[in-house]
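So that you can map any letter, position 41 of the sequence shown is 41 in the UniProt record's numbering, and since no number is skipped, the others follow by simple counting.
Please keep in mind that the hints were generated in silico from the structure rather than gathered at the bench. Where a beta carbon is used, it is the ideal one built from N, C-alpha and C, also for glycine.
Ranges between beta-carbon positions, derived for each pair:
1. 11 - 54: 33 to 39 Å
2. 23 - 2: 14 to 20 Å
3. 1 - 28: 20 to 26 Å
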Amino acid sequence: MKAMVILGYSSTQQNGLAQLQKNFFESLTESEQNTLTTQIQTLETGDANKVNNHASSDNTFNF
Numbered sequence: 001m002k003a004m005v006i007l008g009y010s011s012t013q014q015n016g017l018a019q020l021q022k023n024f025f026e027s028l029t030e031s032e033q034n035t036l037t038t039q040i041q042t043l044e045t046g047d048a049n050k051v052n053n054h055a056s057s058d059n060t061f062n063f
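Work out the full structure: start from the sequences and follow the hints.
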């Protein structure tokens, strides 16, 4: 990422990563894009559930 910034391919490392992700996604077939999108949504939902479960368990007293 740093090399991309140094060489002027990207303004920041974060933008460079976003650019690589976009290019990778666009190189996939429509079916592969749908599969990847579904997998990402599934993982994000799982992460959100873990955060919500952890937050609710913080309010629980353990004896």
